[in-house]
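Protein sequence lines, in the order shown, are assigned to chains A and B. All residue numbers for the first sequence refer to my numbering, where the first residue is 1 and numbers rise by one. All residue numbers for the second sequence refer to my numbering, where the first residue is 1 and numbers rise by one.
Simulated from the structure, these hints should not be mistaken for laboratory data. We treat Cβ as the ideally placed atom computed from N, Cα and C, and that holds for glycine. Hints may be right or wrong, so weigh each one.
According to the in silico footprint, chain B covers these stretches of chain A (three or more CB under 8 Å from chain B) [said to hold, decoys possible]:
hint: 1; segment: 118-127
hint: 2; segment: 131-137
hint: 3; segment: 536-546
With the Cβ distance kept under 10 Å, some of the chain B side facing chain A (calculated, not the full set) [claimed, not checked]:
hint: 4; residue: Q129
hint: 5; residue: L321
hint: 6; residue: R324
The primary structure of each chain is shown beneath.
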Amino acid sequence: MSTLRLRGGRLYDPAHGIDGEVCDLGVRDGRIVALHENEPVDREHDVSGMIVMAGGIDLHSHIGGGKVNLARLLLPEDHRPAPRTDNPLELASCGACTPGTLATGYRYAEMGYTAAFEPAMALSNARHAHMEMGDTPILDHGAYVMLGNDELLLEMLAEGGDPALVRDYVGWAINAARAMGVKVVNPGGISAFKFNQRKLDVDEPHVQHRVTPRQVVHALARALTELAVPHPLHIHASNLGVAGNIASTLATIDALEGLRGHLTHVQFHSYGTEGPHKFSSAALALVEAVNAHPNVSIDVGQIIFGQTVTASGDTMTQIRNAALGSPRKWVGADIECDAGCGLVPFRYRDQSYVNALQWVIGLEIFLLANDPWRVVLTTDHPNGGPFTSYPHLIRLLMDKSFRDEQLARLHPEVAAHAALREIRRELTLYEIAIMTRAAPARLLGLADRGHLGVGAAADIAVYREDADREYMFRTPEYVFKDGELVARQGRIVATPVGGTHFVEPGFDGAIEQRIARYAEHHHALDFRNAAIGRDELCTCANGGQLLVTPCAVHGTNGT
Amino acid sequence: MTASPTPTDAPPLPWTCPFCALLCDGVALARGETLELRGSDCPKARQALAQQPADTAAATPTIDGRAASLDEALDAAARLLAGATLPLFAGLATDVAGIRSLYALASARDAILDHLLGDAIMASVRPLQDRGVYYTTLAEVRTRADLIVCFGTRPAERYPEFFRRIAPGEPRRREIVFVGTDTDPAAAGPDTELEAVPFAGDAFDTLALLNALAADRALAAPPPGPLAGLAARLQAARYAVIVWEPGASGAQGALVGEAINRLVGTLNARTRAASLALGGSQGGYTANQVVTWLSGLPLRTGLFRDGLRHDPWALATARVLAGRNADLLLWVSSFDPSATPPAADLPTIILGHAAMPPVAGAPQVFIPVATPGIGAAGHLFRLDGGVVVPLVQARDDGLPTVAAIAGAIAQRLAAPASGAGS
Numbered sequence: 001m002s003t004l005r006l007r008g009g010r011l012y013d014p015a016h017g018i019d020g021e022v023c024d025l026g027v028r029d030g031r032i033v034a035l036h037e038n039e040p041v042d043r044e045h046d047v048s049g050m051i052v053m054a055g056g057i058d059l060h061s062h063i064g065g066g067k068v069n070l071a072r073l074l075l076p077e078d079h080r081p082a083p084r085t086d087n088p089l090e091l092a093s094c095g096a097c098t099p100g101t102l103a104t105g106y107r108y109a110e111m112g113y114t115a116a117f118e119p120a121m122a123l124s125n126a127r128h129a130h131m132e133m134g135d136t137p138i139l140d141h142g143a144y145v146m147l148g149n150d151e152l153l154l155e156m157l158a159e160g161g162d163p164a165l166v167r168d169y170v171g172w173a174i175n176a177a178r179a180m181g182v183k184v185v186n187p188g189g190i191s192a193f194k195f196n197q198r199k200l201d202v203d204e205p206h207v208q209h210r211v212t213p214r215q216v217v218h219a220l221a222r223a224l225t226e227l228a229v230p231h232p233l234h235i236h237a238s239n240l241g242v243a244g245n246i247a248s249t250l251a252t253i254d255a256l257e258g259l260r261g262h263l264t265h266v267q268f269h270s271y272g273t274e275g276p277h278k279f280s281s282a283a284l285a286l287v288e289a290v291n292a293h294p295n296v297s298i299d300v301g302q303i304i305f306g307q308t309v310t311a312s313g314d315t316m317t318q319i320r321n322a323a324l325g326s327p328r329k330w331v332g333a334d335i336e337c338d339a340g341c342g343l344v345p346f347r348y349r350d351q352s353y354v355n356a357l358q359w360v361i362g363l364e365i366f367l368l369a370n371d372p373w374r375v376v377l378t379t380d381h382p383n384g385g386p387f388t389s390y391p392h393l394i395r396l397l398m399d400k401s402f403r404d405e406q407l408a409r410l411h412p413e414v415a416a417h418a419a420l421r422e423i424r425r426e427l428t429l430y431e432i433a434i435m436t437r438a439a440p441a442r443l444l445g446l447a448d449r450g451h452l453g454v455g456a457a458a459d460i461a462v463y464r465e466d467a468d469r470e471y472m473f474r475t476p477e478y479v480f481k482d483g484e485l486v487a488r489q490g491r492i493v494a495t496p497v498g499g500t501h502f503v504e505p506g507f508d509g510a511i512e513q514r515i516a517r518y519a520e521h522h523h524a525l526d527f528r529n530a531a532i533g534r535d536e537l538c539t540c541a542n543g544g545q546l547l548v549t550p551c552a553v554h555g556t557n558g559t
Numbered sequence: 001m002t003a004s005p006t007p008t009d010a011p012p013l014p015w016t017c018p019f020c021a022l023l024c025d026g027v028a029l030a031r032g033e034t035l036e037l038r039g040s041d042c043p044k045a046r047q048a049l050a051q052q053p054a055d056t057a058a059a060t061p062t063i064d065g066r067a068a069s070l071d072e073a074l075d076a077a078a079r080l081l082a083g084a085t086l087p088l089f090a091g092l093a094t095d096v097a098g099i100r101s102l103y104a105l106a107s108a109r110d111a112i113l114d115h116l117l118g119d120a121i122m123a124s125v126r127p128l129q130d131r132g133v134y135y136t137t138l139a140e141v142r143t144r145a146d147l148i149v150c151f152g153t154r155p156a157e158r159y160p161e162f163f164r165r166i167a168p169g170e171p172r173r174r175e176i177v178f179v180g181t182d183t184d185p186a187a188a189g190p191d192t193e194l195e196a197v198p199f200a201g202d203a204f205d206t207l208a209l210l211n212a213l214a215a216d217r218a219l220a221a222p223p224p225g226p227l228a229g230l231a232a233r234l235q236a237a238r239y240a241v242i243v244w245e246p247g248a249s250g251a252q253g254a255l256v257g258e259a260i261n262r263l264v265g266t267l268n269a270r271t272r273a274a275s276l277a278l279g280g281s282q283g284g285y286t287a288n289q290v291v292t293w294l295s296g297l298p299l300r301t302g303l304f305r306d307g308l309r310h311d312p313w314a315l316a317t318a319r320v321l322a323g324r325n326a327d328l329l330l331w332v333s334s335f336d337p338s339a340t341p342p343a344a345d346l347p348t349i350i351l352g353h354a355a356m357p358p359v360a361g362a363p364q365v366f367i368p369v370a371t372p373g374i375g376a377a378g379h380l381f382r383l384d385g386g387v388v389v390p391l392v393q394a395r396d397d398g399l400p401t402v403a404a405i406a407g408a409i410a411q412r413l414a415a416p417a418s419g420a421g422s
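Isolated chain A (complex conformation):
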């Protein structure tokens, strides 16, 4: 048994409505407990004057799997120079926009994050994804399996889409891949591109299966509702990056028909066609729709100026973006009749009208949305920028004058006309704690993470108060993972293996016959190897804890 007390910190724990209250925090055996004031403890840290929050949770970050590794292969120059740290606890690992898994774990933990979720795990690549996540030290992790471009589901929908069949298939796929949820990427579009279709709007039919993205989104959202999977359908909507795509985004919200859905990296989906460049911010329209639809949550996918690489399952979009890439090279793939993958290096430039406006749109979404419980802070790492830029992003959101300084440096037309200039809102520590911990935990159904209540996992970040929020959030004073001190003032002091979050929804096993038949005719893996067992997951994930979130009746819209 080991006990720990953090004495005198200011707690920000939105799940319990605690907004800066000075309070001791007790930990026993990795869990938060109520300790009597005088109870002796093994370790005590005086954190008076410091800010105490639950560990950060990134619910959308491309940290593991085939496409991330291809991005690393594609950009050796991103990894130069690659100094090694003087810390003997850190194994050699490098990279800026797609660091090695080891560096990914170290850098996340140093900033007070204790969990990250890979949003785009291909069913056929699930073992690989779990392996990479298992080799991401310290962080707990999980992944959403990509469905909606798998030929089998599209075939089922083309046959009429019997909801019971779709539900059982989705339930099987989640269990087979050991996933935490389901993501749909350009619904139907990745498959359509394999048939040489270059564009697919929400109500346009797939050239082969004659199914529309609207049908795909609705069928998947319904299946997840019936399976009682806590995380709503994770949706990368149609027409990413296209001017005027706000119409597709709103149509996608409409396709949910009130069912829960999480629209991811909405910045890339909130573009209008106004103005001289026929490219404008539709942040307001997006936010109004989100405000009006309590069934919808979002993460932003803020862009950060500089070099990165976009990593996406959306081949239909990436082949279009390839011409805009910098450096000019790219990787694409058609994968196993269930997915695709496209990697295009990007350099976001503040003097580019389009990039400057993208930056503005992301911030406008953050600052206009009225319910932080349905807004999650992301850069869609690495697509908008690397996760290491979160402290900078937090400062942009919390500090109007800093934001204005940055805005003034942008492409002059954007700097002069952006609605962002007039937005005075500065997010509070309480709101940041919601968007980076409490809301993602709730949207994932993690009952014992993202908060500081008794019984929660003792994943805790302690920040030294500083007016420069970027500095403050970059280097927490202490970071604890399951009660163990893992980082101290930006230096890793322990590297435990993180656990794997997943769900195990029930389904009618009869569906396996249909899947096996399909696999026999189309796949290249024996059906016997299609699903990952629990023991195998443990091996893949490097021996970390298996963290099962129950699928039970849950509240609507994550509140």
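Position chain B against the provided structure of chain A, taking the given hints into account.
Just chain B now, with coordinates in the frame of chain A:
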């Protein structure tokens, strides 16, 4: 270390073959005194199975050729590593767990990492790093391809089950064209048309012409008819797949890959096409994937004290040894007993196949290890990149895994009490 043979009347074990990167998993093994393949006539698998010793009791660790206990061998290996300042970890023919474990050791000892098929692996990695690639996977080829071009390779020669693995599951017409080789009867099948198109000049000339024709560029002289016909069919195909083999494409294989990737890119502007590079056997793609995700950089990376450095040319095993840029060789080869370490006048640690013949020369520690998929379960990456196939243990032959050995050596290095601490 004694084998425990399973009675011959036991039902065949559903098995995954680890002996080439196709990783066929729809087959089975009958397990008696010998291991016999069921459900496939693959000559490669049969030969590899025949090389598995029926009894591994004779496979003991050795130190400078003399039999030693495992503990003695581990101590000796740790001492050699502790005394090295520039170790080269090569061969790396093992599974995911093996590479994971070796990586921690490599990081602690500032080692260079390369694979025994490193030249072939770099021939596909380098064009990707320079220009990118659009590739496809086996299930896509099976389901979608109406034109398959085998460029400069007869895939079944090194991947005997290749054409069976990509055979359509339902009747579908398709063409398989062999460029620069004869047609391969192994590719024959219902509704399949086979054709051979000769090179026009060498592989590079041929690809240059195909690239020009596919892009509708004017040519100075009319191209050979068969090649023009092939270009037209590539442009007309619904889903064309260009299969090539980096390891059989010569010293400038990376340039063949680059030209193929360019051709695929041109075709993808109007229709659909993708490439498929055959390679990655002996855990080659596995080593490259795992090293890439852990370090951020592919094979042929040195985890040097002053920083990680990737150099696909200078950090090749042969060049490192020729330049005397290593003072210790750790050679890992757990699939093929004939994959012995290159001649090097260096202290050498071999984690090798139990049937590997003794290697003469320098101070040396040999530790026999289990073959993943025979003596141990494991995971390997298939040749099309992203699919990880689980391997099952065929029999308990008492041999330790590479992962276990690397872990035990690392433990000795970390514990100063053993006297081997660095």
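These are the hints, each one checked on the structure:
For a cut-off of 8 Å, the count of residues in the segment 118-127 of chain A with a CB near a CB of chain B stands at 4, and the three-residue condition holds. A count of 3 residues in the segment 131-137 of chain A with a Cβ less than 8 Å from any Cβ of chain B is obtained; the coverage claim is therefore met, three being the minimum. Closer than 8 Å: that is the beta-carbon criterion, and the segment 536-546 of chain A has 4 residues meeting it against chain B, so the requirement of 3 holds. Of the supplied interface hints, the one on B/Q129 holds, with its beta-carbon coming within about 6 Å of a beta-carbon of chain A, less than 10 Å.
Proximity of B/L321 to chain A is violated relative to the hint, the smallest CB-CB distance being about 22 Å (cut-off 10 Å). Checking B/R324 against chain A by beta carbon gives a least distance of about 23 Å; that is not within 10 Å, so the hint is violated.
Of the hints listed earlier, those the structure fails to meet are numbers 5, 6, in rising order.
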